[in-house]
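Asks: Residue numbers (the numbering used here), protein chains in the order written: chain V, 1 to 116; chain U, 1 to 115.
To be clear, the hints were calculated from the coordinates, so they are not data collected in a lab. Heads up, some of the hints might be wrong.
To be verified - So the derived list for chain U, only partly shown, Cβ under 7 Å to chain V, looks like this: (1) G3; (2) T13; (3) G42; (4) L43; (5) F45; (6) G52; (7) A56; (8) F69; (9) P70; (10) V100; (11) T103; (12) F106; (13) P108.
Idealized CB from N, CA, C, for every residue including glycine.
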Amino acid sequence: AQSVTQLDSQVPVFEEAPVELRCNYSSSVSVYLFWYVQYPNQGLQLLLKYLSGSTLVKGINGFEAEFNKSQTSFHLRKPSVHISDTAEYFCAVSLSFSGGYNKLIFGAGTRLAVHP
Amino acid sequence: DSGVTQTPKHLITATGQRVTLRCSPRSGDLSVYWYQQSLDQGLQFLIQYYNGEERAKGNILERFSAQQFPDLHSELNLSSLELGDSALYFCASSVGEGLVWETQYFGPGTRLLVL
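Turn these sequences into a full structure, and let the hints steer you where they fit.
Replies: Laid out in structure tokens, this is it:
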């Protein structure tokens with residue numbers, strides 16, 4: 001089965017500290033990976049995506065992620081977090097299915113709580 | 001602001017009732033996707049429409065149906081509602097037919113509460 005695992009359901013961190021949100025996927029074919037952020041009472045906003053090319057992907061708000069094919073991981077990082085980064089973060093993989101259609105499969109989400 | 005709009009923002013109804021959620025995609029996007037987000041199931045893909053035609057189906061119940069109109073807006077109809085249907089329903093849109101590398105842009109969601 002193809003899936004996405006976000007290893008931490010909650011990550012508490014102090015302001016200005018670095019953070020890493022972990023994401024592992026399982027797929028035997030080429031993958032296209034996304035990180036979305038959901039601020040309280042809002043929809044999902046795209047942070048960054050990996051389609052091909054450089055394995056280090058830079059996104060909005062100072063976030064970056066590294067695609068590691070051998071470890072089937074796509075961890076999200078930020079060197080110094082702000083209070084405003086408090087949100088839920090979702091890792092997703094876009095997969096092709098027989099029948100010619102594609103689906104975005106989401107992980108369970110990681111709640112990042114930034115404390116002063 | 002993603003450019004995807006959803007109405008209403010909140011909906012409170014009773015069990016057994018029927019509701020309609022509406023979504024307008026970003027200008028120029030041809031595909032619309034519907035997702036359900038609940039505490040126990042997480043984010044689940046329900047259905048995709050591309051240029052008026054059903055393109056892909058996910059974990060959508062038979063009590064639920066959707067359509068996409070010629071102006072590309074979409075409606076999700078939920079009928080015979082149960083308590084367990086209470087959730088946040090998201091609409092997303094993308095520019096093409098849903099190719100595997102396409103980015104989906106999400107609306108703010110409709111929060112449905114079934115009492």
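Asks: Hint by hint, say whether it matches the structure.
Replies: Here's how the hints hold up against the structure:
1. G3: Hint violated; U/G3 Cβ to chain V Cβ min 11 Å, cut 7 Å.
2. T13: violated, 20 Å
3. G42: Because about 5 Å separates U/G42 from the closest Cβ in chain V, which is inside the 7 Å limit, the hint holds.
4. L43: holds, 4 Å
5. F45: holds, 5 Å
6. G52: violated, 16 Å
7. A56: With a minimum Cβ separation of about 4 Å from chain V (threshold 7 Å), the hint on U/A56 holds.
8. F69: Hint on U/F69: violated, closest Cβ of chain V at ~21 Å, above 7 Å.
9. P70: violated, 22 Å
10. V100: Status holds, d = 4 Å.
11. T103: holds, 6 Å
12. F106: holds, 4 Å
13. P108: holds, 4 Å
Of the numbered hints listed earlier, those contradicted by the structure are 1, 2, 6, 8 and 9.
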